[in-house]
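J.: Chains as they are written, first to last, in this note's numbering: chain Z, 1 to 678; chain V, 1 to 64.
Among the hints, a few may not be true.
To be verified - On the chain Z side, residues computed to face chain V include the following (Cβ under 10 Å):
#, residue
1, Ala72
2, Asn73
3, Gly74
4, Asp76
5, Phe90
6, Ile93
7, Ala94
8, Gly97
9, Pro212
10, Thr215
11, Ser219
12, Leu341
13, Gly345
14, Arg652
As the list claims (entries may be wrong) - Per label pair, the in silico range of CB-to-CB distance:
#, chain 1, residue 1, chain 2, residue 2, range
15, Z, Leu297, V, Arg2, 33 to 41 Å
16, V, Arg7, Z, Lys667, 37 to 45 Å
17, Z, Gly518, V, Arg39, 42 to 50 Å
18, V, Asp4, Z, Tyr255, 53 to 61 Å
19, Z, Thr659, V, Arg39, 52 to 60 Å
20, V, Arg34, Z, Leu289, 32 to 40 Å
Simulated from the structure, these hints should not be mistaken for laboratory data. All residues carry an ideal CB built from backbone N, CA and C; glycine is no exception.
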Amino acid sequence: MLLKLAWLVLGLGGAGAWGVLALHRGETISAAWLVLAAVGTYLVAFRFYSRFLADRVFGLNDRRATPAERLANGRDFVPTTRWVLFGHHFAAIAGAGPLVGPVLAAQFGYLPGTIWIVFGVVLAGAVQDFIILFGSMRRNGKSLGQMAKEETGAVTGVLAMLAVLAIMVILLAVLALVVVNALKDSPWGVFTILCTIPIAVLMGFWMKVWRPGRTLEASGVGVVLLMALLVGGRYVAESATLAPLFTWSAPTLAYAVIGYGFIASVLPVWMLLCPRDYLSTFMKIGTILLLAFGILLVMPPLRMPAITRFVDGTGPVFAGKLFPFAFITIACGAISGFHALVASGTTPKMLIRESDARLIGYGGMLMESFVAVMAMCAAALLDPGIYFAINAPLATLGGTAASAAEVIRGWGFTVTPEQITGLAREVGEQSLLGRAGGAPSLAVGMAHILSGAFGRSLMPLWYHFAIMFEALFILTTVDTGTRVGRFMLQEVVGHVLEPLGRTSWYPSTILASAAVVGGWGYFLVQGVTDPLGGINSLWPLFGISNQLLAAVALCVGTTILIKAGKARYAGVTLGPLAWVLLVTLTAGWQKVFADDPRLGFLAHAAQVTQQLAAGAIEPARAARLVFNDRLDAVVALAFMLVTVLVVAASAREWVLVLTRRKPATVKEAPFVETAYAG
Amino acid sequence: MRADRVRMLRRIVSAIRAVAGMPDYDAYVAHFRRCHPERPVPSERLFYDQFVESRYGDGPTRCC
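Bound conformation, chain Z alone (with noise of 0.2 Å):
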């Protein structure tokens, strides 16, 4: 009784935070109404409708072995208890799409892309995630393409596949694309993430010569070498020697990205990559609670309206109107197709009990959603003015603080020279202008916060903290994204010619590695060298792309719970199956057809086509930027038409069951009772 009552007050509580959320637009309240009103949303969800997805229409049983305990072999099927596993899921699956994502989004105000991040993650996110894993668990941990392959035949399997490796291109390229708008020209910063290098080789080879295995203690003299360098890199910045040594433009700063993904790439996996991924791994959680309690303490005003005028489409940050727009660029921190990766990979390997699953999967996800309201608050408490400074891109801005402030105040918000420059030299840049892909506001922001909680002075640390906490995991994610890509491309290649599918095989590994890095690198230098900034066109490829492959995993969600008899509970990932296709296949269809040329791919092409024949662009940049806008149509057609064909064979499948033309029968691992006591 006494517990029913608390889920009253919570629930009570969470619904009246959203009604004062409501209720007060146009006026400036606390990021705490924010925080309340999404975690009161989380736990009613929680208890609630997850509770209802494992009894009702998954049906956990504890009295089933997990995969963990039948294949128990030490090292990677482990049972490892409920919170140690929930941290592994939730350190794998967070990463920079929740905290740029939202950041972008604020153009419209920080209402709409709140309602998308706590809604969207109840009904939609939590819940693919949830039933990949809850699949991939009763399949013995087999990742999303072999169960699109075995539950709705091989040509789904391999489009699934193919939509992998296209969206790994387009992610790469976009994050380190949001690397890049962050470092250049900062001396401070490029030096920081040099340094990483050394230092996750120094790591490497403490954990494989030195001291074989010692994880621990190789990533705490990281974390430490990692702080004092970061304290260092103010005198590299603020000398008139070094500071040009590390000053490093966006094509220069591109360049060396993608040199160092081919090397990371190639490189056994102990010299580089490992140890980075701890290193970004501790980090992570570590800035992430540091992030949580920040707030929670500082309590920050939300400067940014409830809802910006650029829902009408006109905004400087990213083109389109609300919908569907909003519901593509915030991604990961509301649903994201990846996801279904992770949650199909090491996780459903090291659950110790089914029940546990609920916890991981589906609250896994509510905490990543949460990452996302706190970038939505950071990002929301600055200035709209700062921020628009900060994102809009250049060419939009002009160079200098005088005529970006002129811009600003034409779209209505306050905001003077002075302020510009001197929120630069506050967290020690030389200018903040123009630097679009979320990392940099994001870091202001979080600056904000930390220095409010531990003190002015630090401001600059707290800010060059905040980019390279950013810059670190992304580029892990860039070391690990590549890897993972050269072997889905050294299988596939292998099928058609069997010596370069051999992944020990060098010259196999150095080919397919540079063309994956060639691939996200093309797009990558493209998006650098864009007049819009880059962020305009590559982000909405990206969320286009991550939703789309959610749409692949709820596809093969539905048809897990069609073939195990639950039809009748199949709506849990057709709604969400539906909006999601509806969001992107509109979203798909404006970036390539759409008559504004900000937004539309061909609609840009046709432009740049006029002013060549008008002679205001020469004719090698022309055809540069033509190739370069027809070439992103082609990319988002392509991923519309295989998403297309992936939901019409699902559907086949599910008529064909539906009408008892195909037994209902699941590909699940058979019924072991557990050893475990209960």
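Once you've looked at the hints, dock chain V against the given chain Z.
T.: The following block gives chain V in isolation, referenced to the frame of chain Z:
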């Protein structure tokens, strides 16, 4: 008392390592002795090498 504290510390360390995705060598040795008593137990170095190779060998381990 002291032994208790050492055991506690061990558990914390192994939990933190597990969060980063690194399995526990002691637990592996226990498993190996139980399931393959006839074979010599692999060294910690070998265990670590094999783990690192397999971990980054298949499928993405990190999201965006």
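J.: Confirm or reject each hint.
T.: Here's how the hints hold up against the structure:
Because the smallest distance between the Cβ of Z:Ala72 and any Cβ of chain V comes to about 6 Å, under 10 Å, the interface hint for this residue holds. Satisfaction of the interface hint for Z:Asn73 is found here, the shortest Cβ-Cβ separation to chain V being roughly 7 Å, below the 10 Å cut-off. Contact between Z:Gly74 and chain V, as hinted, is supported at the beta carbon level, the nearest pair being about 4 Å apart and thus within 10 Å. The interface hint given for Z:Asp76 is met, as the beta carbon of that residue sits about 7 Å from the closest beta carbon of chain V, less than 10 Å.
The restraint placing Z:Phe90 at the interface with chain V holds, with a minimum CB-CB distance near 9 Å, inside the 10 Å limit. Taking 10 Å as the C-beta cut-off, the interface hint given for Z:Ile93 holds, the closest approach to chain V being about 5 Å. For Z:Ala94, the suggested interface contact is upheld, since its CB lies about 7 Å from the closest CB of chain V, less than 10 Å. With 10 Å as the threshold, the beta carbon of Z:Gly97 comes within range of chain V, its nearest partner Cβ sitting at about 4 Å, so the hint holds.
Nearest Cβ of chain V to the Cβ of Z:Pro212: about 4 Å, under the 10 Å cut. The hint holds. The beta carbon of Z:Thr215 comes within 5 Å of a beta carbon in chain V, closer than 10 Å, and the hint placing it at the interface holds. Because the beta carbon of Z:Ser219 sits about 8 Å from the nearest beta carbon in chain V, less than 10 Å, this interface hint is met. Because the smallest distance between the Cβ of Z:Leu341 and any Cβ of chain V comes to about 5 Å, under 10 Å, the interface hint for this residue holds.
Restraint check, Z:Gly345 versus chain V: the minimum CB separation of about 5 Å is within 10 Å; hint holds. Restraint check, Z:Arg652 versus chain V: the minimum CB separation of about 28 Å is more than 10 Å; hint violated. A hinted range of 33 to 41 Å for the beta carbons of Z:Leu297 and V:Arg2 is consistent with their spacing of about 38 Å. A hinted range of 37 to 45 Å holds for the C-beta pair V:Arg7 and Z:Lys667, which are about 42 Å apart.
At about 45 Å, the beta-carbon gap between Z:Gly518 and V:Arg39 stays in the expected band of 42 to 50 Å. Between V:Asp4 and Z:Tyr255 the beta carbon distance is about 56 Å. The supplied range of 53 to 61 Å therefore holds. For the pair Z:Thr659 and V:Arg39, the beta carbons lie near 53 Å from each other, so the given range of 52 to 60 Å is met. A hinted range of 32 to 40 Å for the beta carbons of V:Arg34 and Z:Leu289 is consistent with their spacing of about 37 Å.
This entry does not satisfy hint 14, going by the numbered hints stated previously; all others are met.
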